[in-house]
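Q: Here the protein sequences come in this chain order: A and B.
Everything in the first sequence is counted per the numbering used here, starting at 1 for the first residue and increasing by one.
Everything in the second sequence is counted per the numbering used here, starting at 1 for the first residue and increasing by one.
It is possible that part of the hints are untrue.
As the list claims (entries may be wrong) - Pairs of lysine-lysine, DSS-like flavour, derived with a Cα cap of 25 Å:
id, chain 1, residue 1, chain 2, residue 2
1, A, K267, B, K16
2, A, K267, A, K390
3, A, K390, A, K379
4, A, K390, A, K411
5, B, K51, B, K16
6, B, K136, B, K110
7, A, K390, B, K76
8, B, K76, B, K51
9, A, K379, B, K16
Keep in mind the hints are simulated off the structure, nothing from the lab.
Single-letter residue listing:
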Amino acid sequence: MKAMVIAVLTVGGLTWAVERFPPPQFESNYVRPTEVLRGPRPVIWESIDLAVLFAGLFLASLFVHKVRYRRAIFGLMIVSLLYLGFFRKGCICPVGALQNVASAVFTQGRSIPLFVVLLFVGPLLFSLFFGRVFCGAVCPLGAVQDLVVVRPLSIPGWLESIGRLAGYTYLGLAVITAAISGVFLVCRYDPFVSIFRFSGNLYILILGGCLVVIGLFVARPYCRFVCPYGMILRNLSRLARRPVTISPEDCINCGLCAAACPFGAIKGPTRPLQRAMISRFRGLFLAWLVGTIILILAGLWLGRMAGSGISRLDTTVQMAASLAKKRVGPSYIQEAVAAYLASGGSAEGLTQDAAAILARYRLGGALLGAWMGLVIGAKALAACMVRPGKDYYADPASCLACGRCFVYCPKEHLRRGDVRSDHGQN
Amino acid sequence: MKEDHQRILTRRTFLKEAIWGGCLAGLGGLVGLSWTRSTRSGTVWQIDPAKCIACGRCATHCVLQPSAVRCVHDFKMCGYCRICFGFFDPQPFAINEGAENQLCPTGALKRRFVEDPYYEYTVDEGLCIGCGRCVKGCNAFGNGSLKLQVKQDICAHCNNCSIAEVCPSGAFNRIPKAQAYLWGMER
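Just chain A, same shape as in the assembly (with noise of 0.2 Å):
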């Protein structure tokens, strides 16, 4: 058999193909079959999730604030959980859409279907009308966590803010990385992912389970310590025009609803202070507007520091350092490095792309070091304002929109006419 070579041109660019034996005549009658090659899924497909997840989103805001039923939202969130989690096995996620968005925004050349940006857009919208009706009845991976508050605990509210840093970082760090390197680390550790597929990474899986039992004690950690989404979504709510009520009729300071909420959403009545408390407070508040301006300057510096340490996230990075031989990467980095070699990349121009990575990635990291520093300003500044007032109400920030509180208001068992007024009856 001869070998021949025959230049091709390839889809990607102009590369070198060997064609050692040529395809060869047939003398016999036989037919050179053809692959079968199914497609993905039709793209009307794409249209379908969109208008499943707006009809939740718009049925949960009716469920929420216009009939005020609380098996009404479990059902709906029971029907998303079934859809968004399993049978579209977690991916159209507007959680992880965050992603695609930050690293099409801030990245030229990179581009983005229409339908990410419209699953991404959705919720945070519902959310500047209706609040979080979202994470109340739309999200799988809130439902996932809400089927399994069996027995929670209360956590203090300071606690809770303090947890809630983490969140703000990882929303910083996914914002960063995405944008810089395209790597997405919402869906990376997105833990709940495994038990929609009923398949997956084993550590991802471990760190689901680990969620689902910590999830028995604490209502839903994933949304309020962890899910970057849910805190943008949490800062939006606090701007709602209609946010979450109890009831619409008036408060009679029972306290039954703060009892029923799981995750400390709701706020008891306030005592307006006194003349001396409110300068001693203006003061705090003065100091420590200094104060987040200072932060955020730390934060900057410590952020570029740390920025180094950021970029080992990006493939190329770790490919640099591998090939410097300062670090010993894991074998698909050392693999990696070979193959770049061979298809004829220069250790120099390696070296410079990795430099010019790691660039970005100071900036990234100065900037997430002063977001950070306005986050903990921010919640320094509003614990120094008290909001005076008489009656309990769902904190619109952190109202997870679940309607557990409508079943305990007495209020409302009254406005339903479940239970029937005697006064002045008698």
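Fit chain B to the given chain A structure using the hints.
A: This is chain B only, laid out in the frame that chain A set:
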């Protein structure tokens, strides 16, 4: 005092309204900015055969078991070799279909006599685990007609493909849904 209280409330409400409007505009701006960079059709994960080094990670790192990556055979490129190094172990005991002579760990690659001296090789998708041993052999000694490809009907379309994460040659990428398979050469 009462008047003062009301004035503060209005200021606070005004500020809230302004931030609310700002957030709405921000979301709108985000949609607008993404719109300019958007593609109408979605994307799928696929392996570029020109870059693939058949390292075998596709078989082990996919969240699906067995992997969504399978071997596909481009019959138009195949040389129908009698001694195929995608099929045979590089040092076979004998040139026959005995299991000890085969490279494929699951026996997914089938060999059938066509006419002298040509043999046809077909991949049984149900048996293939996407380990890429045959692909490696075919690339090294043959035409490279055996290729690893993501079977799009099996793929779970994860947002963050766990194979792409560990692909050493950068062969695993998102491509437009419209052309969901890459052959690595013009067909």
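Q: Hint by hint, note whether the structure agrees.
A: We went through each hint and held it up to the structure:
1. For the proposed pair K267(A) and K16(B), the alpha carbon gap of about 20 Å is at most 25 Å, so the pair holds.
2. Taking the CA atoms of K267(A) and K390(A), the gap is about 10 Å. The hint holds against a cut of 25 Å.
3. Using a Cα cut-off of 25 Å, the hinted pair K390(A) and K379(A) holds, with the two alpha carbons roughly 23 Å apart.
4. Between K390(A) and K411(A) the alpha-carbon distance is near 16 Å, which keeps this suggested pair within the 25 Å criterion.
5. Of the supplied pair hints, the one linking K51(B) and K16(B) is violated, its CA atoms being roughly 53 Å apart against a limit of 25 Å.
6. A distance of roughly 17 Å separates the Cα atoms of K136(B) and K110(B); the hinted pair therefore holds under the 25 Å criterion.
7. Note on K390(A) and K76(B): the hinted pairing is violated, with a Cα-Cα distance of about 79 Å set against a maximum of 25 Å.
8. Distance restraint check for K76(B) and K51(B): the Cα-Cα separation of roughly 20 Å lies within the 25 Å cut-off, and the hinted pair is therefore satisfied.
9. At roughly 18 Å between alpha-carbon atoms, K379(A) and K16(B) fall within 25 Å of each other, so this suggested pair holds.
Against the hints set out earlier in the document, violations occur for numbers 5 and 7.
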